[in-house]
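**Q** If you read the sequences in order, they're chains A and B.
Here my numbering is used: position 237 in the first sequence is 237, and no number is missing along the way.
Here my numbering is used: position 358 in the second sequence is 358, and no number is missing along the way.
It is possible that part of the hints are untrue.
Which chain B residues face chain A? A few, computed with CB under 10 Å, are given here [as the list claims (entries may be wrong)]:
1. R43
2. A67
3. N103
Label-pair distances were calculated between CB atoms; the ranges are [claimed, not checked]:
4. Q83/A to Q118/B: 25 to 31 Å
5. R274/B to S291/A: 49 to 55 Å
6. D58/A to E200/B: 32 to 38 Å
7. Q347/A to E200/B: 39 to 45 Å
8. R357/A to E200/B: 55 to 61 Å
9. A119/B to R147/A: 25 to 31 Å
These aren't lab readings, by the way, just hints derived from the structure by calculation.
Cβ coordinates follow ideal geometry from the N, Cα and C atoms, glycine included.
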Amino acid sequence: MAEEESQFEEFEQIDFLRDRHVRFFQRTLQVLPERYASLETTRLTIIFFALSGLDVLDALDVIDRNLMIEWIYSLQVLPTEDQSNLSRCGFRGSSHIGVPYSTQGPGVLHPYDSGHVAMTYTGLCSLLILGDDLSRVNKQACLAGLRALQLEDGSFYAVPEGSENDIRFIYCAASICYMLDDWSGMDIQKAIEYIRGSLSYDNGFGQGAGRESHGGWTYCAIASLCLMGRLEEALSQRELDRIRRWCIMRQQNGFHGRPNKPVDTCYSFWVGATLELLEVFQYTNFDKNRSFILSTQDRLVGGFAKWPDSHPDPLHAYLGLCGLSLIGEPNLRKVHAALNITQRAFQHLQQLQQTWRDSTGSCSRQH
Amino acid sequence: MSGVEETLNESVDVKEDKEFDVEADEHAGEDYFVDPTRYLFYRDRKEWADLEPVPQDDGPNPVVKIAYSEKFADVYDYFRALLKNDERSERAFALTADAIELNAANYTVWHYRRVLLQALSKDLREEMRYITAIIEEQPKNYQVWHHRRMVVEWLNDASEELEFIADILSQDAKNYHAWQHRQWVIQEYKLWDNELEFVESLLEDDVRNNSAWNQRHFVISHTTGFADAAIVEREIQYCLNQIRKAPHNESAWNYLKGMLQDRGLSSQPGLLERVLELKQTHCSPYLLAFLFDCYEDALENSNQKENAAEEEQKENLKRALEICELLAHEKDTIRKEYWLFLGRSLKNKFGSSGPSDEPPLEPSAPAPQPQEMS
């Protein structure tokens, strides 16, 4: 494609503006205006995007880890004295229910207080990123809360009160079990059946059986199977090759999430990471992917947007960075493709899990 | 995901509700009267005086704190108070509408509203009208669609659904929530009869609508199925017609391949010839990939037949490899490394020229040319 810009402009446009992104995430962690109200119940996921983003940028030194850790623990739904709320335990997305701030137990009984599977998942990730040892996580309560969310068909609700149920929450559940090193939180076999049932005729995965295949749900499917260690058990070589084809066809310059849809920065991670897990990411075009991601970089406020000349947001800022990390952008930490945290945070997790196993003398399910 | 828009450097702008600005009241000099249409904070409403509002408590060091206006905080402080007492009342129900208007993504508000709908035996038809209006405004929100599904289930009446969803799709023909809800309604209430017709009208509007192609597969697989040869032939015909109209359409090719891949692409009589014919005038990367898959399938299946013609095998391999080269170097260059990798794998598997000096065929082996970073 013939470029009419000067060489200098072209260089500017592909320049990765690290410091702007650091400041973008710093501001995200502070105060947001009211127009972000729809993010209230998912604030913990926003923290995760910002913290993991700073981790990928190797810039966690700009925040106060201990303050963050305390705030995250205040979101844990702990068992009450009589343990009657075990099936509702986990982490909240925020303080919106109105439970008084507390970082320790016992839990307070409240008719509407319960965890949310995506918040438990991002809460645990965030604690790991901050270097916490998870010693204040009530693991058994989290796992009890998780079990209460799985349906007969293998999928999960987000909350015990009920919600939509689909493959996203299987991914959250698998991540939680993986991090806590305890698969008693879910029925793996049923989850695999739901995942297999979500495989579309065109060899991508939809949100459930019959639904249109989509890059995000394909990531949830493949990453879940990888975390469970069941990828090659659940899918035949022929199926895996077909899935590879569906995924690799998503690249247009950047990636889109569905055939005939526009490309969007976040799919550079969702589809890119899936291709990485399927060991064929190396066959994608790194150059065009990079150019697209950087075209969505906001040069003024930092962060990335879904499209060029659009407003940046924490999700696209984080996943844009992860997309760049996958192609080996210099000075970005490597990301663990299935767990979606840096390799550094992952190593911290591995060390933690080793100490858990050592202290119990075997691969045990006890805390 | 709702956008975190514009610079976060803006100072927080707390706007008071204009109607509550007494100074602007042009009747300030007259005897004071209460205008019932003026917005009153809950804390100033007599009928709420018995309830102690519950503020949000983020502790000493809040993170990602959203700076709410006084009006917003007031509504939600009272929402939290209601929740704490699990109050089941008309006033609580009315408040949920205010809370939803301020943040329709708060799933707790929706859940509480459903509790009240049942506890107070509210008119569910009216609730359908309410949720219809909300979805029209915010069609990409998970909570509103889930709420609608619950109300439809309670009413056990899906009679409005197909028309409603069609209306939402007329605004965004690929809205994933809308399609999901549509599939649920059709499957749950057995509303298959006119769906193929609906799909075809959408494909008339936009033959590249991947959601509509997916729906086509959904309908047929749950009604006639794809086992019947006449159905398969009809669908092949349909695909090829759409491809003639718009050759560069991955959705049509995915549908064609998806329908046939498990019985073997090479097993469909005459298909290869028809595609080769199309190649002359309506070529695309998808057509070429389909041809590759046909040849690969022929190679796979011939392997199992004892009397497989060796010549035919060699021909199929040659053609498949030619297609890889064509795609890699000319027709689908963005996937160059992938097509070259597929070519190598195929050659290793079916080539008769003995051990190859090509790199091993495990996918994790590095590509021959390292990626160049600009």
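**Q** Now, for every hint given, state plainly whether the structure supports it.
**A** Do the hints match the structure? See the list:
Given the 10 Å rule on beta carbons, the hint for R43/B is violated: about 15 Å separates it from the nearest Cβ of chain A. Because the beta carbon of A67/B sits about 5 Å from the nearest beta carbon in chain A, less than 10 Å, this interface hint is met. Evaluation of the N103/B hint against chain A yields a held restraint, the C-beta minimum of about 5 Å falling below 10 Å. Checking the proposed 25 to 31 Å range against Q83/A and Q118/B shows it holds: the Cβ atoms sit about 28 Å from each other.
For the pair R274/B and S291/A, the beta carbons lie near 38 Å from each other, so the given range of 49 to 55 Å is not met. One distance hint, 32 to 38 Å for the beta-carbon pair D58/A and E200/B, is violated here, with the actual separation near 54 Å. The hinted window of 39 to 45 Å between Q347/A and E200/B is violated, with their beta carbons roughly 54 Å apart. Separation of R357/A from E200/B is about 59 Å and conforms to the stated range, judged on CB atoms against 55 to 61 Å.
Taking 25 to 31 Å as the suggested C-beta distance range, the pair A119/B and R147/A conforms, at roughly 28 Å.
In this structure, the hints that do not hold are numbers 1, 5, 6, 7, in rising order.
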